[in-house]
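Visitor: Residue numbers (numbering that gives the first Met the number 0), protein chains in the order written: chain A, 0 to 170; chain B, 0 to 163.
Worth flagging that the hints you see were computed from the coordinates, not collected in a lab. It cannot be assumed that every hint is accurate.
As the list claims (entries may be wrong) - One side only, chain A facing chain B, incomplete, derived with CB under 10 Å:
#, residue
1, Ala72
2, Ser74
3, Ala77
4, Asn113
5, Ser115
6, Val116
7, Val134
8, Arg138
9, Ala139
10, Arg169
Said to hold, decoys possible - Covered stretches of chain B (chain A as the covering partner; in silico rule of three or more C-beta atoms under 8 Å from a C-beta of chain A):
#, segment
11, 94–103
12, 119–133
13, 149–158
Yeah, the Cβ is synthetic: ideal placement off N, Cα and C, and Gly gets one too.
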Amino acid sequence: MALTYVKIASATVGAGGASSIDFNTIPTTYDDLVIKLSLRSTDSAETAINLRFNGSAGSAYNWRSLAGNGASASSGNASSVTEIFGGRMPSSSYTASTFSNNEVYIPNYRSSTNKSVSIDSVNENNSSTALMVMVAGLRAVTDAITSINFSAPSGNFAQHSTAVLYGISRT
Amino acid sequence: MSKTYDPIASTTLTSNQTDVEFTNISQNFTDLILVKWGLQNAGTNMVMQVGNNTYDTGSNYSGTQVFGNGSSALSDRFANDTRWFVNFSNSNTNAITSICQIMNYSNTTTNKTMIVRNSDGSFYASAYVFLWRSTSAINRIRMTIGSSGLLSGSTFTLYGIKAE
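Sequences are here, hints too, so could you generate the full structure?
Guide: The following block contains the structure:
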């Protein structure tokens with residue numbers, strides 16, 4: 000019987016942090032991709048995560064988000080921008096030793112169509128504002144995804160942040 | 000190596016269709032995951048019916064949704080309907096990803112619950128919780144958009160997850 004959720008690669012951020020987490024040379028042997036991340040920022044204020052494909056910072060990304068922070072719900076959007084909003088992570092001012100829980104699902108990453116991305120991102124802080132974010136992302140480029148890049152608008156990913164890339168096969 | 004998402008069946012549409020079905024679903028798993036990706040006719044809802052040997056067409060379906068369209072966060076619900084309204088498409092040019100999780104689908108002791116995450120990067124993100132008021136095991140699932148609204152190239156994959 001076929002196996003699914005096959006681990007392709009993983010990354011763990013060491014001392015000093017990392018400005019990005021990259022998965023390159025993604026095999027073409029799967030149908031869907033899933034990335035599971037546990038992240039924290041070294042910046043005292045920044046919590047956003049940026050997601051790009053194939054090293055491209057061209058303005059071909061669109062996204063819609065739905066978020067709740069424990070007090071209110073909100074929705075955001077962007078069109079023709081240089082990255083997909085990949086969810087949130089705790090900043091360095093959040094409760095210590097607390098990391099986000101994020102999942103990025105990319106169906107049909109090898110297809111010759113625009114790429115749809117589903118992102119779930121949660122943080123619980125026990126004190127200040129926490130966030131649950133759902134993001135619907137779109138990369139309006141038809142080439143297959145061969146690399147994935149996570150970064151932050153400012154600051155780095157803190158030590159002990161992790162990311163694991165899985166491939167899913169339909170058969 | 001342990002198995003996780005066990006592929007049960009998959010179909011890729013080679014033409015526009017009204018229905019996609021998964022029948023004779025193995026009862027050997029604990030949960031089901033159905034991943035739908037692809038284009039739909041603009042202005043359409045994809046609906047779903049489930050059943051045991053025959054589809055339930057009675058008023059036994061309900062759901063609650065939280066929805067964000069980029070400017071507003073909304074919540075709505077429906078009750079006592081003859082099907083689940085799984086997603087909505089406002090364009091036939093952007094693929095929608097719908098990830099559906101049906102927990103404990105094969106038991107005969109509880110009503111059935113499904114969680115769906117919908118993603119349309121040019122329109123909305125949503126999450127839905129659905130209830131089928133039947134304790135019957137589910138061994139068939141049908142997704143429908145009338146007038147051949149499920150467009151060619153769309154993929155539908157059913158996985159089983161076993162708790163062991």
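Visitor: Are the hints correct? Go through all of them and say.
Guide: Tested hints:
no.: 1; hint: Ala72; result: holds, 4 Å
no.: 2; hint: Ser74; result: holds, 3 Å
no.: 3; hint: Ala77; result: holds, 8 Å
no.: 4; hint: Asn113; result: holds, 7 Å
no.: 5; hint: Ser115; result: holds, 5 Å
no.: 6; hint: Val116; result: holds, 7 Å
no.: 7; hint: Val134; result: holds, 6 Å
no.: 8; hint: Arg138; result: holds, 8 Å
no.: 9; hint: Ala139; result: holds, 8 Å
no.: 10; hint: Arg169; result: holds, 4 Å
no.: 11; hint: 94–103; result: holds (count 4)
no.: 12; hint: 119–133; result: holds (count 8)
no.: 13; hint: 149–158; result: holds (count 4)
In this structure, every one of the numbered hints holds.
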